[in-house]
Amino acid sequence: MKVMEKLPVRVVLVEDDPDTRQRFVEMISSQADMLLVCASPNAQQALDYIQFNEVDVLLTDLGLPDRSGVEVIRACAARWPHCDIMVITVFGDESHVLTSIEAGATGYVLKDVVAVELAEHVRDLRAGGSPISPMIARQLLKRYQQPSAEIEAASVVGLAAGAKDDVLSSREAEVLGYIAKGFSFGEIASFLNISVHTVMTHVKRIYKKLAVHSRGEAVFEARQLGLLKL
Amino acid sequence: MFALWLARLLAAFVCIFTFAQAQAQVQEVRSGKFQFDDRDAPPEQITLPHLWDDTRPNYTGLGRYQFTLTALNPEVSNAVFIPRWMHNGEVWFNGSLLYRGGRFVEPVSRHFNRPVYAIIPSQLIRNFDSATLEVRVYGLRRFHSGMTQLYVGPQELLRPRYERLYLWNITGVQVALAVSIGVGLISLVYGLAMGYLPAFILFGLAALALGTRNYSLVVRDIPMPSDWWSAILFTGYGIFITCATLAGLRLADFRSRRVERAIWVAGLSFFFVPLAVFNDTLGGVLPVATALVTPMALLAGVAMFWIAAKKKAVSAMVLGAAMALYGATFMYDALFFLNKRPFDTIFVAHYVAIGAFSVVLIIIVRQHLSVLRRARTLAQNLEGEVARYVLQLNRRFDTLRLVELEAERSETKVLERARMIKEMNDTIGARLSVARAAIVGGGAQSDSLEGPVQAVLDELRLMIDSLDPQATDLLALLGNYRYRMERRLKALGLSLVWSIDTGVSGNGPFSQPLESGVLLRLARFVHECVEHAMQHPHYQQIVLSTALVQTSVDGETVDQLTLCLELKPEFARMRPRLPARLFERGNALNAQLLVREAPMARFITLEMLRQPT
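Chains A and B, in that order, give the protein sequences. Residue 80 is where the first sequence starts when you use the numbering used here, and the numbers rise one by one after that. Residue 41 is where the second sequence starts when you use the numbering used here, and the numbers rise one by one after that.
Just so you know, the hints here were simulated from the structure itself, not pulled from any lab data. On a predicted model such as this, the values are computed, not experimentally measured, just so you know. Beta carbons are placed, not taken as given, at the ideal position from N, Cα and C, and that holds for glycine. Mixed in with the good hints there might be a few duds.
Said to hold, decoys possible - As a list, the in silico BS3-like pairs of lysine-lysine whose alpha-carbon atoms are at most 30 Å apart:
1) K283/A to K221/A
2) K608/B to K530/B
3) K380/B to K190/A
4) K287/A to K221/A
5) K221/A to K453/B
6) K530/B to K283/A
7) K190/A to K287/A
8) K462/B to K190/A
As the list claims (entries may be wrong) - Examples of chain B residues toward chain A, derived with CB under 10 Å:
9) K462
10) G491
11) A495
12) L497
13) D513
14) G519
15) Y521
16) R522
17) Y523
18) R524
19) E526
20) W538
21) I540
22) L584
Given these sequences and hints, build the entire structure.
Okay, here's the thing in structure tokens:
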């Protein structure tokens, strides 16, 4: 009987601060199930790598010297849709995180994270868990709470093709509402009589819907950067 | 065909011949004998029409007229036709009563406008070669008393004459007066319905007064004392002139309290005219009074026209002209009472009134409607103007509000800066100083540095969260805190139970968003409680609960937010001392901090009140 060996998770790190980058390199290298394939100090180098190499996890800072980390996220999301992307941030301020989520990221890690925590984050992400903070949930709720008539009107005139698909379902809105009030996935699952896995699926779907807004932009940028040849 | 035409011509000739023969048979009686009923003097010879008020103006009673008629044709139906008598009377033929009009004693109903027509039964004619016709006339003092010439002859000739006169003297006048009253009512109702328009109401009253007054001249069998009747006639005329004049002045927009009062006094003084007229000592004033009173309508109409012309008020001019026209015809009719018009004359003023006042009503209603239209247009324009000004004012208000907000923002910035400096100094600065001192002292181990540095990072995160412009929701802020702390708490063996009231949501617990400073203090209060639990390993569980209720304080309804942290130790006796700054947080939030010790838990409760907006 042939036993399939599990492949390590291919991680690309983009961080301009040498000390932080070094710390992250050490943390990732210490994990047996992860393989750091690229540690880039700027966006361009990372983009060059991403264009030709498949990536499983992208860890990127937002404030890069040559261009915004959001561009790297968009390009990576367009080139490798199954890649999990996490933002490296000092304080996890929500406005920056939200922008990166819109670009295709599915979470963030703090710069003061310890090795164990980072590994846990990455593993959770690969297992399908999408972290979402209450503040982000609240902002998403506000964003999606637009009148349905507006959406219908937009879809009628063809201004928002697929706009209806982007609207949250009532269950997703309910899940988002509980998250915004600080409840954990487990608590939400017990409130709604569903499994934790289903809650996570809802969250993932919400992320996807959010990313729809920037997908066109991502494809455009990826093409501009030469990552996509259509 | 020729035969048919011939027959028609023959029939016409026969008709004309018969008519001429019959015409010849009508006797016009113009002479006879007259005798006062209260005197024994022998009858005197008179000629009709005859009036006795010149000789006996103060006499009220009967006068007897006797006429001798030549033989009447008993083969045809004969009748007596008297165009007018004053005021009531009876017709007797050969001692038989043929007709009675009105009474001879008070209260007297007047029949002086009604032509008299009495059919003579044929049996009364058949037995006599000549006939005696007696007419008893009841006269009223100060008025014309007597009768016109009379006609006797075949009914077929007299009846059309009678009917024609009846039409003009009674039916036509009644219709004209009904129209006048109708015009008055319309004007009155219109004036009241349109929100009390004095000109319309006065004009309506004038037309009503005139119509009612004149109606008493043609109405049949309403018994009324003569003096009352006279009072009604004069007062009605006075009211008519007063109301019409005042209406005209209103239409001409001529306002003078003194003039209006004088007109009312003059108009109502007409009531006293009959008292003077019927006063025996002033017996001779009837012509004077008539001469004074009658032209008033004409004079008032002319004066009104003159004032209205000066004011260029068309409707008042029309009313003045109508009134003057009516006054002139009224004077013309009054010539009858001065014996200047035939005794069987037809009064024309009633017919003038109907036309004149109808035209007046139409004109003033049209003018009023036109004014209403203009007013509506003006109102619309004004509304537009007002809306424009309101818009401008709103814009200015918005601009001012922006300036005000900017000022408020600047003030808030200053206050926030001061607050942040204090917070950073008290917490971040203090902890970094501790860390630095440890490093400088050289004895610092990485473990001893981790605590202060971690605290500084936590503090900075709290500050960033509270400064997030979206972070006005306390639960989201607390939730975020939980989200960040959960792994650390788990690593320390502490469980955080989230028992919050989901009603505390939306834009925070209060209808007005919480300021970032308040949010930070609340979050810091929670953090310090959690930190306290983290520092003491015997705590096993933290339960965070919130509640929002409305309560009454000094009669006012306020929101009450309760934030409670229940710290559950492993052993009941373990009660480490709470940090003193927790109580400072309560004071800074203007909230009440309560600590309650239960056997298996410690409850730290913060109660905050806020007035709902």
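Hint check results:
1. K283/A to K221/A: Answer holds: K283/A to K221/A is near 18 Å, not above 30 Å.
2. K608/B to K530/B: holds, 15 Å
3. K380/B to K190/A: Since the Cα atoms of K380/B and K190/A sit roughly 127 Å apart, the hinted pair is violated (cutoff 30 Å).
4. K287/A to K221/A: holds, 17 Å
5. K221/A to K453/B: holds, 26 Å
6. K530/B to K283/A: It holds: about 24 Å lies between the C-alpha atoms, which stays within 30 Å.
7. K190/A to K287/A: Holds: K190/A and K287/A sit about 25 Å apart, inside 30 Å.
8. K462/B to K190/A: OK: K462/B and K190/A at ~27 Å, within 30 Å.
9. K462: violated, 20 Å
10. G491: violated, 13 Å
11. A495: Nearest chain A Cβ about 12 Å off; hint violated.
12. L497: Hint holds; L497/B Cβ to chain A Cβ min 6 Å, cut 10 Å.
13. D513: holds, 6 Å
14. G519: With a minimum Cβ separation of about 2 Å from chain A (threshold 10 Å), the hint on G519/B holds.
15. Y521: It holds, given that the least Cβ distance between Y521/B and chain A is near 8 Å, below 10 Å.
16. R522: holds, 5 Å
17. Y523: holds, 5 Å
18. R524: holds, 7 Å
19. E526: holds, 7 Å
20. W538: holds, 6 Å
21. I540: At 6 Å from the nearest chain A Cβ, I540/B passes the 10 Å test, so the hint holds.
22. L584: Holds: closest Cβ of chain A sits about 8 Å from L584/B, inside 10 Å.
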